[in-house]
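Peer 1: Chain order of the listed sequences is A, B and C. Reading the first sequence from the start, the letters are residues 69 to 176 in the working numbering. Reading the second sequence from the start, the letters are residues 17 to 301 in the working numbering. Reading the third sequence from the start, the letters are residues 362 to 645 in the working numbering.
The hints are all genuine.
Chain B side only, calculated, beta carbon under 10 Å to chain C, not exhaustive:
no., residue
1, G27
2, D51
3, V52
4, E114
Beta-carbon label-pair distances, calculated as ranges:
no., chain 1, residue 1, chain 2, residue 2, range
5, A, G77, B, R91, 48 to 56 Å
6, C, D428, B, E101, 36 to 44 Å
7, C, P604, B, H62, 26 to 34 Å
8, C, K450, B, E246, 51 to 59 Å
9, C, G492, B, R91, 40 to 48 Å
These are computed hints drawn from the structure, not numbers from a lab. Just so you know, these numbers come straight off a predicted model, no measurement behind them. Just so you know, even glycine gets a beta-carbon here, dropped at the ideal spot from N, CA and C.
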Amino acid sequence: MKIAISSMGETLESAVSEKFGRAPYFIIVNTENMEFVSIKNSAESMQGGAGPEAVRQLSAHGVNAVLTGSLGPNAKSAIEAAKIKAVVGLSGTKTVKQAIEEYKTVSK
Amino acid sequence: MKHIVVISGKGGTGKTTITASFCALAEKPVIVDCDVDAADMHLLLHPQIQESNYFSGGKYAVIDQSKCIACGKCREVCRFDAISEDFKSDIFSCEGCELCWRVCPVKAIEMRERISGRWFVSSTKYGPIVHAELGIGEENSGKLVSKIKQMAVDIASKTKANLIIADGPPGTGCPLMASLSGANLAVIVTEPTLSAMHDMKRVAEVASQFNIPSAVIINKWDLNEVNTLEIERLCGELKIAILGRISFNQDASRAVTEGIPLVEYNNDQMKKEICSIWEKTLKFI
Amino acid sequence: MIISIASGKGGTGKTTVAVNIALSLKNVQLIDCDVEEPNDAIFLKPQIEKTESVSLPLPEVDLNKCDYCGICADVCAFKAINVFKPISKEGNVLFLPHLCHNCGACAMYCPKKAISEKQKQIGIIEIGRSGSIEYVCGKLDIGEIKSPQLIREVKKKINKNKTVILDCPPGTSCPMMNAVKGSDFCLLVTEPTPFGLHDLNLAVETVKKMRLKFGVLVNRATDSRIIDDYCEKMNIVLLGSIPFDKEIAKLYSKGDAFLLTKDKYKSFFIELIEKIKVHCAVKL
Numbered sequence: 069m070k071i072a073i074s075s076m077g078e079t080l081e082s083a084v085s086e087k088f089g090r091a092p093y094f095i096i097v098n099t100e101n102m103e104f105v106s107i108k109n110s111a112e113s114m115q116g117g118a119g120p121e122a123v124r125q126l127s128a129h130g131v132n133a134v135l136t137g138s139l140g141p142n143a144k145s146a147i148e149a150a151k152i153k154a155v156v157g158l159s160g161t162k163t164v165k166q167a168i169e170e171y172k173t174v175s176k
Numbered sequence: 017m018k019h020i021v022v023i024s025g026k027g028g029t030g031k032t033t034i035t036a037s038f039c040a041l042a043e044k045p046v047i048v049d050c051d052v053d054a055a056d057m058h059l060l061l062h063p064q065i066q067e068s069n070y071f072s073g074g075k076y077a078v079i080d081q082s083k084c085i086a087c088g089k090c091r092e093v094c095r096f097d098a099i100s101e102d103f104k105s106d107i108f109s110c111e112g113c114e115l116c117w118r119v120c121p122v123k124a125i126e127m128r129e130r131i132s133g134r135w136f137v138s139s140t141k142y143g144p145i146v147h148a149e150l151g152i153g154e155e156n157s158g159k160l161v162s163k164i165k166q167m168a169v170d171i172a173s174k175t176k177a178n179l180i181i182a183d184g185p186p187g188t189g190c191p192l193m194a195s196l197s198g199a200n201l202a203v204i205v206t207e208p209t210l211s212a213m214h215d216m217k218r219v220a221e222v223a224s225q226f227n228i229p230s231a232v233i234i235n236k237w238d239l240n241e242v243n244t245l246e247i248e249r250l251c252g253e254l255k256i257a258i259l260g261r262i263s264f265n266q267d268a269s270r271a272v273t274e275g276i277p278l279v280e281y282n283n284d285q286m287k288k289e290i291c292s293i294w295e296k297t298l299k300f301i
Numbered sequence: 362m363i364i365s366i367a368s369g370k371g372g373t374g375k376t377t378v379a380v381n382i383a384l385s386l387k388n389v390q391l392i393d394c395d396v397e398e399p400n401d402a403i404f405l406k407p408q409i410e411k412t413e414s415v416s417l418p419l420p421e422v423d424l425n426k427c428d429y430c431g432i433c434a435d436v437c438a439f440k441a442i443n444v445f446k447p448i449s450k451e452g453n454v455l456f457l458p459h460l461c462h463n464c465g466a467c468a469m470y471c472p473k474k475a476i477s478e479k480q481k482q483i484g485i486i487e488i489g490r491s492g493s494i495e496y497v498c499g500k501l502d503i504g505e506i507k508s509p510q511l512i513r514e515v516k517k518k519i520n521k522n523k524t525v526i527l528d529c530p531p532g533t534s535c536p537m538m539n540a541v542k543g544s545d546f547c548l549l550v551t552e553p554t555p556f557g558l559h560d561l562n563l564a565v566e567t568v569k570k571m572r573l574k575f576g577v578l579v580n581r582a583t584d585s586r587i588i589d590d591y592c593e594k595m596n597i598v599l600l601g602s603i604p605f606d607k608e609i610a611k612l613y614s615k616g617d618a619f620l621l622t623k624d625k626y627k628s629f630f631i632e633l634i635e636k637i638k639v640h641c642a643v644k645l
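Put together the whole structure using the sequences plus the hints.
Peer 2: Structure, rendered in structure tokens:
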């Protein structure tokens with residue numbers, strides 16, 4: 069399963085970004101083997117419609133679930149349309165790695 | 017973090033003067049002036065600008081007359097009457113859809129960035145304020161409102177502030193909806209005039225579409241006591257709470273002239289009325 | 362002649378002035394362009410003879426024809442249409458109507474002809490009369506945001522054979538500009554407070570930029586000279602003032618046009634229009 073986490077940086081040790089559409093990066097992790105790729109969020113500096121644009125990128129990467137702080141109304145509609153599962157409420161004090169570990173324990 | 021927005025539907029009912037008083041009474045609020053069309057909060061709160069940014073709200077088409085072959089394709093596709101018969105674009109009507117630019121066979125059209133305003137982060141003696149200045153004759157005020165609200169939320173979460181107080185715009189359109197989104201309470205300032213009552217109903221309906229609870233303040237209530245009672249009855253019917261009444265008082269416009277919030281003007285009755293309204297407001301959020 | 366009644370700040374008395382001017386004139390058409398909060402009817406109590414629906418085209422995607430190529434999303438300047446195409450999974454299209462400007466680009470560029478445009482109502486126009494006054498009013502549906510588009514439709518009802526009074530929305534952005542656009546004269550109503558002055562100045566800048574002829578009317582005048590001084594300094598025509606009068610405020614609260622009970626104002630508004638006519642005759 070591929071999970072995307074909104075992130076401030078490009079590694080698993082980076083802090084989580086509480087913003088989704090305007091997050092600087094997304095870390096996409098394969099939960100089976102913990103391999104990951106980081107992508108620069110091209111929507112970060114967009115004037116409007118950042119949420120749906122971010123979802124489009126993740127959808128193209130075949131992401132199944134998203135972990136983030138909060139979703140705006142447009143991003144929420146987009147996540148639903150792209151049939152991606154979303155978990156919100158992540159705090160920026162956590163690292164990407166911690167967020168995944170927690171998600172794995174909870175979803176077991 | 018809680019978020020109060022003060023609205024009215026009809027203009028001139030006393031939104032800004034009441035919002036400014038709330039800011040003076042609240043404990044360390046983050047303040048936003050969402051009436052970017054006619055921002056007035058600064059006249060009462062006297063912000064010191066710390067940071068100033070340009071806001072770009074989309075694009076507009078410009079036609080290069082030396083390249084234009086007057087084929088008329090752009091006029092055909094434009095739904096905004098933004099291109100004249102002699103192929104000049106009208107910046108006021110252009111909405112920036114880029115369709116003319118796409119269809120032009122000789123690439124005579126350029127889409128230019130529209131600088132439609134500026135926004136500021138400032139300090140006041142009551143707390144930080146995010147405010148904006150829409151460029152003269154510019155559109156996209158809804159987007160600008162969303163932008164400064166986002167800034168206010170960022171500041172509030174950084175400084176661990178518990179409360180955001182927003183002065184909303186009049187009307188029920190784009191800027192109002194942008195102001196309402198994400199609020200926990202819409203405080204509607206109305207007055208006992210048929211116009212204001214009519215507009216109160218419309219704006220309360222918009223708030224309920226957003227699932228935001230509303231509460232009403234009746235300003236200048238003694239101007240027409242029959243109407244005041246009617247407002248209270250109507251609110252009961254619509255299940256909207258009443259926060260209180262404020263009497264008609266010439267000192268209100270004197271406070272504005274002096275550039276201070278009503279609660280800081282030397283008028284005990286006015287102070288008492290607003291303080292009791294504020295206490296009640298806090299109980300709602 | 363088309364006279365628009367506007368102001369930067371809300372609640373300065375646009376509606377009062379518009380209604381009272383209409384009541385003072387013969388052969389007049391009053392158009393309520395404040396479509397977000399139309400109030401003229403409260404004072405005029407018109408008989409509505411006709412109601413028209415105003416709608417705008419919104420795209421509708423037929424997913425049976427769509428192959429998720431994403432061209433519609435590329436040509437949409439407002440990000441209103443979004444295409445999701447995951448690897449080896451079924452795609453989907455998300456349309457966000459509040460971002461759509463109804464430009465038609467997506468439907469025009471769809472290679473599969475999967476997008477058609479359907480009309481969606483944004484508001485209504487009421488047409489009627491109150492005594493000899495021809496009355497037109499736009500009303501934006503609750504939850505709609507496209508007031509400039511509705512205002513443009515409302516203004517297509519302008520009857521050039523009459524003196525047309527346009528009651529405009531407050532502010533200085535798109536709704537106000539669409540309302541005042543094309544008028545022969547713009548009357549800016551203000552009040553003698555710092556708020557009134559600040560917002561008047563914004564409105565003045567706007568109508569100047571639009572190259573309209575304009576003048577100022579002070580409502581709820583007190584002994585403050587704040588507006589007089591501003592007009593003098595900026596070389597702006599001050600057309601008159603209506604004194605602050607609690608009696609007028611009370612009549613207003615009941616929905617009575619004060620002209621009907623305060624006859625002395627009839628000549629005030631007739632003179633006001635005469636002055637405006639003189640200004641319109643002068644070339645800019």
